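Residue numbers (our numbering), protein chains in the order written: chain L, 1 to 431; chain W, 1 to 487; chain V, 1 to 361.
Careful: at least some of the hints might be erroneous.
As the list claims (entries may be wrong) - Here are the simulated DSS-like cross-link-like pairs (lysine-lysine), alpha carbons at most 30 Å apart as the crow flies:
no., chain 1, residue 1, chain 2, residue 2
1, L, Lys91, V, Lys322
2, V, Lys172, L, Lys86
3, L, Lys90, L, Lys348
4, L, Lys329, L, Lys102
Since the hints were derived computationally from the structure, they do not count as laboratory data.
Model, not experiment: these values are computed from the prediction.
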Amino acid sequence: MVPHRYRWIIASLFLSVALALAACAQPAATPAPATATAPAAPQPTPTAAPAQPTPTAAPKGIIFGMLLVGPYNDRGWSQAHYEAGKYVEKKLPGAKMLYIDKVNPADRPGTTASQLAEELVAQGAKVIIFNSDDHKDEAIKFARAHPDIVVIHASGDDAWKEGKNYKGIPNLANVMGQMEYGKMIAGCAAALTTQTGKIGYLGPLINDETRRLAASAYLGAKYCWEKYLNKPAADLKFKVTWIGFWFHIPGVTADPTQVAQDFINSGYDVIISGIDTTEALREAAKATQAGKKVWAIPYDYIGACEEAPDVCLGVPYFNWGPSYLAHIKAVLEGTWKPSWDWVGPDWKDINNPDTSHVGFVKGKALSPEASARLDEFIKGLGDGSIQLWKGPIRLQDGTLYVEEGKVATPQQIWYLPQLLEGMEGQSVPTK
Amino acid sequence: MKVEMRHISKSFGPVRALQDVSLTVEAGTIHGLLGENGAGKTTLMKILSGYLRPDRGEIFLDGRPVRFTSPAEGLRHGIGMLHQDPMDFPAMSVLDNFMMGHEGGFWLDRRGARRALQELARQFGFDLDPDARVDRLTVGERQQLELLRLLWRGVRVLILDEPTTGISAPQKVRLFETLRRLAGEGKTIIFVTHKLEEVEELCHRVTVLRQGHLAGEATPPYSPQRLIEMMFGRPLPMPERQPVPPGEPVLEIQNLVVGDHRLRLSRANLIVRSGEIIGLAGMEGSGQQLFMRACAGLVRPWEGSIRVRGKDLTGKPYHAFLEAGVLFVPANRLEEGLIPGLTLTEHFQLVYPNGRYLIDWEQARAEAQRRIRDFNIRGKPETVVEALSGGNQQRTLLALIRTPAHLLLLEHPTRGLDVESSMWVWRRLKERAQEGAALMVISSDLQELLQYCDRIIVFFSGRISEPIAAEELTLDRLGHMIAGRGW
Amino acid sequence: MKEVLLPRARPSRWVEFGFQGLSILMALLFTTLVLLMAGAPPIEAYRQVLEGAFGSLKRATDILVAWVPLMLVTSGLLLTFTAGLWNIGVEGQIVLGAIAATGLMRALQETSLPPSLILILAMAAGMVGGAAWASLVGLLKIYGGVHEIFGGLGLNFVATTMILWLIFGPWKRPGIGSMSGTEPFPEHLWLPVFPGLRLSPWALLLALLSVALVYVLLRNTYFGLRLKAIGKNIRAAHRLGVPTARYLLLALLGCGAMAGLAGAIQVTAVYHRLIPPISSGYGYLGLLVAMLANYRVSWSVPVAFFFAALNIGSIQLPITLKLDSTLSGVMQGALVLFVLLMQGARARWRSKPVTEQGDDA
């Protein structure tokens, strides 16, 4: 009978493939460039590229790849990156973006981010942007395995010499915006609008980044509550509820829709979103239609308010374009160096698309007087007259974190170990 | 409605269930369909009601040819069948069951259905609580429910398959009254049974089937003698029998009471000795299967004890019986006896492993070849069992009886076999007995029981007779006894 | 000589191949239709998938990376399918294997034990974890009368809850509360791979061994024969003296162990940490593979390879054609559907001649 023979043919086929791999995989690993300092100059690098010649050799062109953790049109974090890529394509002739979205193991089972990054490289990408905190380990793994590719990881700290996790990888850079300011503005807008004095913060997962952003929102809210409304801080409720990931994964994370509804049902009338998607805004709009007065502040993406402008107080957003443009230009010109960029707003105009990494657009729902105060607040932040990360700042468990009169160091802010005193919600303190 | 079935034939694989059977039932009559088990009564009725499609033959209702592809279609033509096993939904209420399958659009009209149920129940004097759960009802009540349901659906031809099995005497009286009344209203009733007395009591006419053939028809006054003859065939001259000297007791049964949800058997005491063959006679469902399965360790007895070769096996699992040398050969060969999809070689390897982990297929094949020769099986070692004919399946079952076997329990070992195959099977069984095994055999072929068994126990509606020496019995008397007479 | 011993359906092998080929054709047609409806060029899409699967050595070996756990799971499922069991709980068994392996590695990673020993123990722990979870399905079925599909579904749910609780609770990364996974293991605790590739020779070896083991078990041992007997007719198998409860349990244990091993490999060789979707859906995919392979070991090897290749190849679709890569899922689902459809058609086609020729008495 035929298949009896087949079975062994198949089995031996597998074995021989395995052995062949062991043999010929050897040379693929060796051609790591000796020039560790300036990798990925547009010189012909001996990569194990696919058979067909890639047209990237043209001196002016460059392909950059982007891995988006969520859908490219999520009206949040991933879309902000996607638009930034489009921005780079527009501003830098010859630059071409490749992207894969939904890069997470739930949406793409059986694959890893580094594997997908390699697919982008196989299509000719010379720069790879990993857009999520969730890609941290994969970005490092990939950068180490591909010294000839420039890796930009958004939101990490592995390239921060003064940071805790400095890895010294010569082809890895980090880019992050100083969203703390955006969140302070959001917090202020929330405090100026709330009628119940209860602000809900729809948090993603818990880590350094999300703690400091939630804390910043609180600091902004508290400042405006006390200074502009002259109300005691004790009357302001600020509660953080985490869903467990950057966006909803059914069956895995808490449902942000549900969390937003819970906020609304227990009297929270402003919801600040810290997640990649817009559930808070959607639920606020629904509740408002049902006769309640609820507002929301989405996050990440400049156009996030469009979904429900009537309940949107504004949105703090990232404008990754200029930073990515600078990096990719440097790669093209051969001047790229690894760096850790924690880029703030352009205080002259925080909404300048070519200069400001972090911005805040006001929403239709913001009242005129609140709007005026908010402008005052932004101005204060910009000229340094308002300094919210100034002591005394106490952590949630009561320990003094920043002493009286001192201003928190970047490390203290970046690595905030807990939420702050006065905030309600889970902290997961670092030991 | 007048029902005519013409030249109906139907086979199930190798088994010819019906061959060229014709039946005519006039409207407004109660027509009996009589026959021993396996005669084809149920198959014929399932064809009439649309559950089965005939291989050949036609059906006419009031002279118009019809062809059903489903029971629902049969029901639309006004033919309803009351099955032997209630086809209801035990976990649901009486009312829900009553409404089951009713064609009345998408929405349920519970109130209307309830009214209809109560009205019908009142008419026929049935006492049914619409809200009771069906699994709390007796078999008779379930039957009443099914009957009402069919009437509500507007049947004009009502088929009842062995309806008196498992119902109480008053329920039976009520049922018969109802049937007479329905016939009087012009409905056509087909009454399937194997009980002579019921035919005598109820039927305007009777058709007898034997082994898939039409054996004859009769009208009152009935001659029981003739009916029995039609059912079982003409008595053959008894052969010489050589009595086996009884040996050691193999099976000892004391005060055994067995039962299931519909039948409780009378208390039994029995000793079967080595070399003896005991026949269990009775219409299907009279309790003999239950009794045998209790002896095989497949049914846990309610009371009493079972000892095999001195060892108390009461309440022990089937495997303990198997290890004690009790071997059970079921009637439904492809459901309980053999494994469709497995070859003869694989069957033999299952029962006679070589004691190692690995199967030596060369050797297994050779061994299978030997057994196939020994047992005269027409098949190859690699033939899957479902491709064998009934006779060869039976031979395979016998070849699978492992040695040593001390007690052999066989259900219908020759059912569906031709004369030659049956004789071969009995030769084999006799050999086993002579080698010292005790045998217990269920068969609906009374003649073979008389011919080959030493003693015969008769079952009727759960009653168990004393073992009767075969010499003291005649076919006639046995036929009367299994039909519930002459006890 | 041996070939005649396996029971074979009567229609010739070519007819069978013909039906299988027809169903593949229909699945292809269906997928093409879906592509057209999505406004994508079908030929180009297929070319991309092919290119994405076999375009380079690395991609081809990536197929094997996916093939390894899929094949392990499928091998296990062949045991349970042979015994007539629908082990839907295989997903949970993968998860429990991954949990057990992770737990063991976490407990031992600080010790001075050699990494190879820790990895071996992790594999063993994975097998034990998966088998233990599978045994629950078996015990529920045998002693609780709970059908294995429902027991399995329930236990899958419990396994998901458990892995989420561990990742968000006791095993969370310091200072972080995220569903994204546990702290990655140090590199010396990664299952070694071929240099420059993602494929681990050890994982590949384990998968090949499991295939060989199941092949021999089902073909040449009494264990396999008894499983087959139970699967084809449990009542008759019981009558013929097969201890059915024990063998049902053994089949589940074997399947659970292999699924657990797949989970352990996902942890040690693919993700190097525990993540909520650690099973990558290989459990459900394995069920499809086994069905498509008509429950035969020899066919399941290439079918699993084909499915893995589809998964790897379809990564290209979002990059080059902006298509969702779930197309591979559509293709796989359509294949199984059409194969089942064809099996039905074949049974109908076959039923006639059987009645005639069966009567050989």
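Verification of the supplied hints:
no. : hint                   : in the structure
1   : Lys91(L) to Lys322(V)  : 23 Å, holds
2   : Lys172(V) to Lys86(L)  : 36 Å, violated
3   : Lys90(L) to Lys348(L)  : 24 Å, holds
4   : Lys329(L) to Lys102(L) : 27 Å, holds
Of the numbered hints listed earlier, the single one contradicted by the structure is hint 2.
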